[in-house]
Amino acid sequence: MKSFAQVNGLLLLFIAARLLLGVVFIIAGTAKIADPNAFAATIANYGILSGMPALVVATILPWGELLCGVGLVVGLFVRGSALLTILFLSIFTIVALYAMMRGLDISCGCFTLDPLAERIGWKKILENLSLLGVSIVVYRFPRTPLSIEQYFRNRLKSGPEI
Amino acid sequence: MPQPHTFKSALIEAGFILLFASFIGLLYSGLSAKGLFLPNRPDKQMSETVPGKFLSFDEALALHESKRALFVDARHHYDFSLGHIEGALNIPLREFDNGVTQLSGLAKDTMIVTYCDGSECNSSVGLAAKLDSSGYTRVHIFFGGWNEWLSHHQPVKQ
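Residue numbers (the numbering used here), protein chains in the order written: chain A, 1 to 162; chain B, 1001 to 1158.
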């Protein structure tokens, strides 16, 4: 039997994880939305996609990141958003590792499209893996207070379910 | 603290988010005439915010042969020392503030062509942006870069 303080401590941790992940994805998405062409050029630098496929990814991915971020912050479609962040971060990590293996000296295109900033490297891989850990926690424990889903769940039932 | 955990419902939610993201992305792209719907884009991948234009190999070669443009190499000193386009100056992107002093005395409307290794680097684009913000008005990018130059057996300097 866990104590009240333990349960509350864990809940706070889960809420913090959800909000942190949400904010990170909102920042990442908005940074790239304004200029799909510049983002497509950044994607093309990785040497995996180029031309039209890179442009399609550059048009859709930032909005996907932003929607996941907003979903996580307001607490709507939390599990789906967390699943997508797991997918995104796994792909980003594999692609970054692949770029490093090939010795590419390119910018990450994660939080800015500035070609000088955020070079691909072990720091970036670690950052991705940490966020991946946070995503898994959020996916595993999506039902936390301070979320729209939970608000409606509580209204439908007599009391809070947590 | 039971946490219901069904993969299927998460997958449906994720699919809905992706579908919605595609819809807004295409809508934004269409309304703002950016990305997929950028009219007459010279190069389908490049940003319109980048100064100058992206030169093909033939255009770069013509400028080089007629000596109408100054070529600037954005790679590291070491790579530059191993070989570069004949007549090019070296301004590594990370050392821009020091390197750009080589251009002092040069008219701001001199035509400059930046390059780096090729499609696997983007420092040529970064260098062009920096030169543009330093006041140089005619900066272009030879995006094929050193690799494309070498593949055509054009004049190099060791």
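Incorrect hints may have been included.
[Said to hold, decoys possible] Residues of chain B clear of chain A, computed beta-carbon distances all greater than 12 Å: (1) Ser1009; (2) Arg1075; (3) Asn1098; (4) Asp1117; (5) His1152.
[To be verified] Calculated from the model, a selection of chain B residues having no Cβ within reach of chain A, i.e. all distances over 12 Å: (6) Leu1011; (7) Gly1087; (8) Asn1122.
[Said to hold, decoys possible] Restraint-style ranges between C-beta atoms, simulated for each label pair: (9) A:Val23 <-> B:Leu1031: 53 to 59 Å; (10) B:His1152 <-> A:Leu129: 41 to 47 Å; (11) A:Met101 <-> B:Tyr1078: 33 to 39 Å; (12) B:Ala1033 <-> A:Ala117: 24 to 30 Å.
Hints are computed from structural coordinates only; laboratory data are not their basis. Keep in mind the model is a prediction, meaning the values are calculated, not measured. The C-beta atom is built at its ideal place from N, Cα and C for all residues, glycine as well.
We went through each hint and held it up to the structure:
Look at Ser1009 of chain B: its CB is around 7 Å from the nearest CB on chain A, not clear of 12 Å, so calling it non-interface is violated. Distance to chain A contradicts Arg1075 of chain B as a non-interface residue, since its nearest Cβ pair spans about 9 Å, not more than 12 Å. Asn1098 of chain B, annotated as away from the interface, keeps every beta carbon of chain A farther than 12 Å; the closest lies near 15 Å. In this structure Asp1117 of chain B is not separated from chain A by more than 12 Å, as the shortest Cβ-Cβ distance comes to only about 8 Å.
Look at His1152 of chain B: its CB is around 21 Å from the nearest CB on chain A, clear of 12 Å, so calling it non-interface holds up. Distance check for Leu1011 of chain B against chain A: the nearest CB is about 7 Å away, which does not clear 12 Å, and the non-interface claim fails. Separation of Gly1087 of chain B from chain A is adequate, the least Cβ-Cβ distance of about 24 Å exceeding the 12 Å criterion. At roughly 5 Å, the least C-beta separation between Asn1122 of chain B and chain A is not larger than 12 Å, which violates its mark as non-interface.
The supplied range of 53 to 59 Å is broken by Val23 of chain A and Leu1031 of chain B, whose beta-carbon atoms lie about 27 Å from each other. Range check, His1152 of chain B to Leu129 of chain A: about 42 Å between beta-carbon atoms, so the 41 to 47 Å window is met. At about 21 Å, the CB distance of Met101 of chain A to Tyr1078 of chain B disagrees with the hint of 33 to 39 Å. Checked against the given bound of 24 to 30 Å, the beta carbons of Ala1033 of chain B and Ala117 of chain A, roughly 27 Å apart, stay inside it.
The structure fails to meet hints 1, 2, 4, 6, 8, 9, 11 from the earlier list, while all remaining hints are met.
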